[in-house]
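Q: Could you put the whole structure together from the sequences, leaning on the hints where they help?
Residue numbers (this note's numbering), protein chains in the order written: chain A, 1 to 363; chain B, 364 to 529.
None of these hints come from the bench; they were simulated from the model.
Please note that the accuracy of each hint is not assured.
To be verified - Estimated spans, in silico, between C-beta atoms of each pair:
#1 B:428 <-> A:254: 38 to 48 Å
#2 B:426 <-> A:23: 33 to 43 Å
#3 A:58 <-> B:426: 43 to 53 Å
#4 A:363 <-> B:373: 42 to 52 Å
#5 A:42 <-> B:523: 15 to 25 Å
#6 B:520 <-> A:363: 28 to 38 Å
#7 A:33 <-> B:365: 14 to 24 Å
Even glycine gets a Cβ: it sits at the ideal position worked out from N, Cα and C.
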Amino acid sequence: MSHVDEGTLHAYLDHGDRPMGDRREVEDHLATCAHCRQRLDDARSLRERAAAILEASGPPAVPVPPFDSVLARAGGRAPRPVVSVRRLRALGWAASIALAVGVGWMARGALNPLRSPEQSLTAPAAPTATFDSALPSAAAGARVGEPSALGEEQAAPAAAARARNVEDAAERLRSAYEVTEEAKPSGEGAAGRRDALQRNAAEPFQPAPQEAPAAAAPQAKLAQDIGAVAERREQPIRTRAAELEAAPTTVQWVEADSVEAAGRLGEALHMVPGVPVVRIDREALEDSRAVRIVQDLDGIPLEIAQRPVTALERQLAERMVADAPGMADTSRATITIVRGSVVLTLRANIAPDSLRSLAARIP
Amino acid sequence: MSTDWAGVYRETFADLVRFLHRKVWDADRAQDLAQEVFVRALGQDPENPRAWVFTVAANLARDEARTAVRRRRHLTLIRGDAQQVTATDPAEELERAQQVEAVRRALAQLSERDREVLLLWDAGFNYEEIADQTGLATGAIGTTLARARRRLVEAHEALEAKDVAR
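A: Rendered as structure tokens:
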């Protein structure tokens, strides 16, 4: 018998395709061929190494959920499951956008890295809707801030019609996002990726909506935003997502070195350890102490705006962090945290859970 | 005779989650998809339930990949790790996330066929089942696996060396 090929050695080790007769033939050859015995050892080593690599990436061991959960999931499914899932996802979009708009509006003072709470407090008075009232009512299709003059018999059909409108708008938004995501280029090289990050970083960073809601109720604004986004399908998702959060004022950043930025901030810059920093900025205004760093999350820019915190902001920011775990997935997550005497606003085009996990890493 | 899906579920679920995890790289999503496979299995009576389950799982993962948000891929790893390492320190969490990311990138360097064969083997399939699943000849599985393992190890070592050099 000539030397055993590598595939046969692996099949022999795997007890794969070798019938007993063939296995004996392989063993007979191995008994007389030191070269193939060495190759068998190499194959065994390679096999074990590959298994160890795969093992290292395994999912965490979790107990198998009872089969009843499958039955319950199947039982609770509508006759046309695909439609049901789509509607659920559409509702999810609507809820997440309502949440983002509501949270951003109510906490605009806390999230804005440049605007002091005093400025926020002196801004034109917003409609008297509360965060608690905005979200559930938006999800249910009720109008926020509108006097409840309608009787129940009139309000119910109106609410149902509004709920349908929100679902339809959300479905359009979801479709727009999917189309754009599939159309996004995927093969950027490291240099191109770096350029893209630089370009992204050069855009104005507006961590939270600052525009005081106009006369329109939040739900109407939501539908307006959704419609505006749906009309711009050809634009990159990042741009359109940013538009959802767009504020009338913009922050101008200019590139700075780390010493200058730290000098402005008054302490060392805060960043996520182990993630490459691709850019450091300071605000263009000479008397501003705001700085920003941009880190590279494997091609996704993570922006961290930072400036000295005041007592009121500390209080608001901590409340925002406490609210954050309930946030649904959004195209652009923003989280504000306090580290020492600095308030940090993190923003990236990732899931809020992930952003929160990154925020937790910042010492 | 109708398939005992509860039995197949008990025997296959863990392997299925493992298989799906290497495709979607999100532990929660892998479990969710695995359950979805069995929801779809109810009422079906395939000749080989285990093979059927993995075929449906591969299709679901493929659909998932088509619509998956590329921007979430990296961070879902971190999110998954955050759930499992809540009691560990950030350094361990970071190391774990980097490990998973290195494996993901190494696997991405394999051809689709090599990767599929390797993951099916890792999920507990024998050569005959892998051949049925992939359409390859049984006699070609050993060679394919040998190549896939070598490329995985080489790619992983190259990534590790690159990380050390940084």
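Q: Take the hints in turn and mark each one as holding or not.
A: Hint check results:
For the hinted restraint 38 to 48 Å between residue 428 (chain B) and residue 254 (chain A), the CB-CB distance of approximately 40 Å keeps it satisfied. Against the hinted window of 33 to 43 Å, the Cβ-Cβ separation of residue 426 (chain B) and residue 23 (chain A) comes to about 40 Å, which satisfies the hint. Hint check: residue 58 (chain A) to residue 426 (chain B), Cβ distance near 23 Å, so the stated range 43 to 53 Å is violated. Between residue 363 (chain A) and residue 373 (chain B) the Cβ separation comes to about 45 Å, which falls inside the hinted range of 42 to 52 Å.
Remark: the range hint 15 to 25 Å for residue 42 (chain A) to residue 523 (chain B) is upheld by a beta-carbon distance near 20 Å. In this structure, residue 520 (chain B) and residue 363 (chain A) meet the distance hint of 28 to 38 Å, their C-beta atoms being roughly 32 Å apart. Hint check: residue 33 (chain A) to residue 365 (chain B), Cβ distance near 52 Å, so the stated range 14 to 24 Å is violated.
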